[in-house]
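S.K.: Here's the letter readout for the chains.
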Amino acid sequence: MRSVLRLLEGDQTIGRGLPFWGLMSLLFAGALAFGVTAGSFAVENCSYFLVWVFMALGLAFMWGLGGTMSFGQTAFFGIGGYCYAILSTNWGVESGLTMAAALLSLAAVALSAAVLGYFVFFGGINGVLVSITTLAVTLGLETFLSQTAGPKWAIGRAELGGFNGISSMPPLTVPWHGDNVEITGRSLYFGLIIFVAITYLALRILANSKVGDAMVAVRESPLRAEALGYDVKAILFVGFVVGSVLAGLSGLLYAGWGQYISPDTMGLSAAALPIIWVAVSGKDLTATMVGTVVLLGLSQALAIYGSQYALVSLALILVVSIMGCPKGVFETLLRRIDSIGGPGDQNSKPVRKSSLDRSEVLL
Amino acid sequence: MDDVLRLRKLHAGYGGGAVLQGVDLRVGRAEIVAVLGRNGMGKTTLLKAVMGLLPCTGEILFLGQEIAKLPSHVRARRGLGYVPQGRGLFPSMTVADNIAAGLSIGAIRRSRGDTFKGAIEDLFPIITKRKSQIAGTMSGGEQQQVAIARALIGKPSLLVLDEPSEGIQPSIVQRISEAIRQLNEDHGQAVLIVEQNIEVIAALAQRCYVVENGRVVDEMRVDRTSVKSLQEALSV
Amino acid sequence: MTQVELIALAYQFGLAVAFLILSAAGLAVIFGMMGIVNMAHGELIMIGAYGTSIANRHGLPLVLAALCGVLASTATGVLLERTVIRRFYDRPSESLVMTWAIGLFISQAALIVFGPSLPSISSPLGSVAFGGFSLSIYGLLLIAFGLAVPVAIYLLLSTTTFGLHARATMQNVEVARAIGINSGSVYSATFALGAGLAGLAGALYAPTMSAVPNMGGSFIVQAFVTVVTGGGNLVYGTLPAAAGLGLVQTALTAVFGNLVGVLGLLAAVIVSAKLFPNGLAHRLSGKRFS
Amino acid sequence: MTLLRARQLTKRFGGHAAVDRLDLSIEAGEIRCLIGPNGAGKSTALALLAGSLSPSAGAIYFDGSEISNVAAHDRAKRGISIKFQLPSVFPELSVRQNLKIALSRRYLGSELDDRIDETLDLVELSDQRGKLARVLSHGQKQWLEFGLAISLKPRLLLLDEPTAGMTPEETERTGELVLRLNRSGVTVVAVEHDMQFVRQIARTVSVLHLGTVFSEGRLNDVLANEDVKKIYFGEAPRHG
Amino acid sequence: AESPIKIGLLEDQTGILAQGGLPKVHGAELAVAEINAAGGVLGRPLELVVYDAQSDNQRYQEFARRLTQSDKVDVLMGGLTSASRVAVQPIAERTKTLYFYNNEYEGGTCDSNMAITGVVPEQYLALIPWMLKNVGKKVYIIAADYNFGQILGLWVRKLVKENGGTLVGEEYIPLSVSQFGQTISNIQAAKPDFVFTAMVGSNQVAYFQQASAAGLKIPMASPINGTLLYEHKQLPRPVMANMYLGVNYMEELKTDENKGFVERWRAKYPNEPYINQPGEDSYVGVKLYAEAVRAAGSAERTAVIKAIETKDICTESPEGKICFDKSTHHVSHRIHIVKVEADHSVTTVQDLGIVQPSWLGTMGCDLTKKAESKQFTPEEPKH
Ligand SMILES: Nc1ncnc2c1ncn2[C@@H]1O[C@H](COP(=O)(O)OP(=O)(O)OP(=O)(O)O)[C@@H](O)[C@H]1O
Ligand SMILES: Nc1ncnc2c1ncn2[C@@H]1O[C@H](COP(=O)(O)OP(=O)(O)OP(=O)(O)O)[C@@H](O)[C@H]1O
Ligand SMILES: [Mg+2]
Ligand SMILES: [Mg+2]
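Protein chains in written order, with our numbering: chain H, 1 to 363; chain E, 1001 to 1236; chain Y, 2001 to 2290; chain P, 3001 to 3240; chain V, 4001 to 4383.
Be aware that one or more of the hints could be misleading.
Stated by the list, open to error - Keeping only pairs whose Cα atoms sit at most 20 Å apart, straight-line, the calculated EDC-like set for lysine to aspartate or glutamate is:
1. Lys210(H) with Glu3111(P)
2. Lys4138(V) with Glu4093(V)
3. Lys3153(P) with Asp231(H)
4. Lys3131(P) with Asp338(H)
Worth flagging that the hints you see were computed from the coordinates, not collected in a lab. As the structure is a prediction and not an experimental result, all values here were calculated from the model.
Chain H with its partners taken away, still in its complex shape:
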């Protein structure tokens, strides 16, 4: 128990000791209970929220820990979603290869993230230019995919569909006694809950490992990190690929959940969303995980009940919460919970710095 906790807890994450893990277990149990008791619509709707959590966690990892603010999460989301759509449409549900399609999509995301990351980090691009380069990639993909309408833009049986996107591809399936069982509805929900939990714990372990230390070092001072023997470029690269692959995972899950993917998941407004979730929640992994679900729920609720004031209210809520908790609403909350357990290790309070350092005036 101790040694497991030692892996999961550390300077790079908030939350430690019994109160925290008790709460997390409760949350997990609650989520499972919800999946059993709630109506099928509510469950599916929650699956939808969970789908996005991976992308947000990925960003929290590369931004919160490593200081890389990428606008490219949506690009990899799109690549993941489109790859899954294309592969699964071509192979069809009968083939039972949807899982293979999902894995191959992830591989494609990893490969494209590696190519972009190599270009960016080993090409010496840094700071805000990383954000803008990734944004340009996202917008370029969106613009390109939007115009791929018509039969001439087809890969095998899958028409890219331009602005309309691709729809009606098969959901994820698992082979079961010679049959292919669709993972939709409740089974998808439980799968997602467990997968989110695994991803979360894995990222926590990674964050508190040497990798996490290295990323923090690079975020805080590349000069000093380099002088201490950290390979700055390689570390930035690894953080970027890990975060981007998680975005791709969200993308393919989204495609599997709704049997739909379209280019506007890569537009400017979509690209800003993960950044908003992470910044408003707090760049900590736990804060982001909880915050993303809450924010998605909130904005959906506003869209239902807020009529024309939905977006205005959403904007006001964001403004107020950032004014109130500049470090992120949920991060602030979590620190409260942490301090209930008594003042433990006084050293575990990193304040995060962003990659958007004030740029110098250049006159």
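Starting from the structure of chain H, add chains E, Y, P and V with the ligands where the hints point.
M.R.: Only chains E, Y, P and V with the ligands this time, still in chain H's reference frame:
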């Protein structure tokens, strides 16, 4: 009431606990006063409080007027010239612009004498020789020289110096000390200086305070022979 | 290529560059100087256009109406700086979310108050014809503004005391205050300047586009791309970046059409980030930082 | 044995050569001080040796192999450590975390904790362990950076003005620390303007001027050199 | 009383498509109010459940699920863009909820679970042969670079070829583009007799202002630039002069049916800036649904589909009497060719009468024979 600066029961800190715990200190007319103390004892904090860069309570009289409630830039315009620790230049502006920023403030601009400006430039040849270099690319000592020049050129009533000799080569340290003493003798320039270089203090200061944990623990007169006693005071 | 076609192409190039510059100017001031990624930039542009459009509809001549538009966005800028932005100078990522939310608020409020669109105003000045082509004279005016704005801002920042103080404040507030610079008003003024420039873009383009709450969106990508490629300095950064990007876009659009033009613009951004990892301004002004 | 050798090392910024065909050779186990006027190129030279700047020309050899094109982090792994002139620490991390990040590459578990505590004691920051590095006083930051630089037990320690802003007593303690490290096998190259400190730790000094070695030798000889006096010490070299 | 028949309506009331979406909500509300005032359908009142999709296709998905699974509506309606239709379609399919798409679109959807009440290319593009005959033979196409624009481009190319015209240029413009200098000068260089425009969204509307400012006075033809964002009301005169539109509806149409409709609409929504075509489409869509339910004798999905495929389901509309086409679930429309004058008034230059949605049939879509869900696109015309 002849003092240029007088602090009474000054408390100041950074939001958390107070660092300065009731400092009393004065700088008389035409006086050079040094503040000594080990690392982290609150010297920089003291100067920042004087400059209005920190929230503080207590009294700060400057030229007979209470300035504790005034914002920083107003204090500076009344005649405080500051050299922060660690140079504090505007790193991506040119040397010339850095100097110009020191010269540009209303009252100072009006009273600027070109001969004085010339004298400063003579003292620091670097500011004419390198006037279009970006300040942030200069060597440590070069930057320090520009920072001192930027403060001097505004002809302040009180010079507030935080470890001005840091990183400067010995010959120039001597020249700067010499020049400040000259200003003090000829024009009655008052100076409040934090310095670790005992020779500089011995050469310049008339009086000094020793700060320990945010309090003044000692005050003494300085003359050229007191290097030893200063050293002792510092190792308490 | 005939001479006429060349002139037409040059005009297109001028228009493209002017659009990039005018979109970007306000953002360049706020981002380049204050380090704030102003996601509400597009909405400030919209305010400029709405102000112009509404004033014009109430009978003010276009020039005065445009002035109203600029004033409206400047005033919004001051208001925002005083109430919100000022708390976020040392927190760039929070300021990004903040301004994003503000932008959302402004555009949605405009939808509620003014409805889904405003009647547009007509382009003044007419057109000139030559050799089978005709050009909008107003376009020439836009080109002129595109060149004049960066030069004016450059002069303002490099030759005036305000400029000196603004630059000093942005680099080191604490020291700036300690040597007598009123950093509070410098901040407000700088943000207001950026907001005013955004409003100017809106006012200038109001007669060429339809006034809708989300119209800022048609400027924002170009604005970000130009500013970041350029590196925040209007003359050394934004101007050459706009020229370079404009050239790429115009050439590609002329030869391969709009899609390639748009993609080419984005590709040019990526390539330039690679070539000038610190922004063009660094390279062109020959200034390096330790 | 020669641990470090720089041959015709040059660094140009624009047209200006900050380091200009510098030849330097450091024996294993030596403590070498670099002195020289402001802008002589001392900091630039150290940065070149550490790899945080790349040379415009010339070569660097460390422990027998050329490292001119070896990345800074690889040089660190080979045992070159640097303390920069301006304190460069991890500002938003606590003092303890600063050291942890430096040390966790090599140590684990309780050994890591021990090493952190040991280093904290060495640089006398144990009381400040919980503070963010950002809020340390200038001198404390210097100490912390010194701690970061020595924490990995380097073979070659490059120090750029390690005692700037320290009281004479603290300077002396730093000197003792350097000597102690040296005795345990660390080769040291230090840039310093404080002659008291130079005298305390070094027997040989190199005077840099205009980017190259102007004079080199035993401290007393150099101090007595009229030309060095003229460019560096001024009229009355102290303790000379 | 009887339990209401629930219509789930999903339209963009905020975001960039609000200008198209808001009138659609009003149109549906008006139709529901009128039907309920007349006693409802089968004695049951209609009830609208409306969500704002915020011009966001993800919201379409979210709310389509909510409407079908949580609110359990009897029919799903809405969607402005084809992308939103495509987002809703599979959800309607899976939850076995009938989906009414009430909007002009690029055509080609053959889907048993859908009823598509808006106009399709073979209807509104009757404009092209008319233009070729009456205005000139040389055509330049500019269209938004996505499905709608590209597919219309195919149609126009085909029609131009079949009717002896020539294409002198064609451009597809990304939706993000708002500066059209190059396009304008390309058109000037090509000297067409008329320009076919299918520009979509507020960015692209800027084309008309910029073209007019550059002195471009070539006649234009469009199925959309005037009907959706009512450019002739929004843009300064005479920017839209010489625009010919092929429409099933415009507020200005001077038919008797329309007169009463406009009066009733304006009484209910006095501040509506313009009754655009999507608004009317939405109104008509609800009315057609009511007729189908009536004919089926039940709001149950399969019964309604059966009714559409077997009975003559028609409604009186502002266009006149229009009816479902049994085999394709599309609707006949009355098409007018109208011209925008220099003062931006609209005159009808020709009434083409009722035009059938015939193309899907020729492609082999017959839902009465085979229940399916297919998407057809016109073939590239052979050179
Ligand atoms: N990035 C740069 N661009 C232009 N010039 C530079 C740059 N970095 C350093 N220089 C110049 O190179 C010279 C050497 O600088 P360096 O910092 O090495 O001097 P130094 O010997 O360490 O001086 P000090 O004792 O003052 O620290 C200086 O004149 C400085 O202005
Ligand atoms: N921004 C800050 N926030 C919180 N505490 C601070 C801050 N800056 C300094 N301190 C603390 O205040 C105390 C006094 O610092 P100060 O900088 O005044 O010391 P100093 O005497 O100038 O030391 P040095 O000789 O090292 O410059 C130190 O313990 C330091 O950690
Ligand atoms: Mg200090
Ligand atoms: Mg140096």
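S.K.: Indicate, hint by hint, whether the structure satisfies it.
M.R.: So, going through the hints one by one against the coordinates:
The suggested pairing of Lys210(H) with Glu3111(P) holds, with an alpha-carbon distance near 15 Å, which does not exceed 20 Å. Restraint check for Lys4138(V) and Glu4093(V): not satisfied, since their Cα atoms lie roughly 44 Å apart, outside the 20 Å limit. With a C-alpha separation of about 19 Å, the suggested pair Lys3153(P) and Asp231(H) falls inside the 20 Å cut-off, and the hint holds. Proposed proximity of Lys3131(P) and Asp338(H) is supported: the alpha carbons are some 19 Å apart, at most 20 Å.
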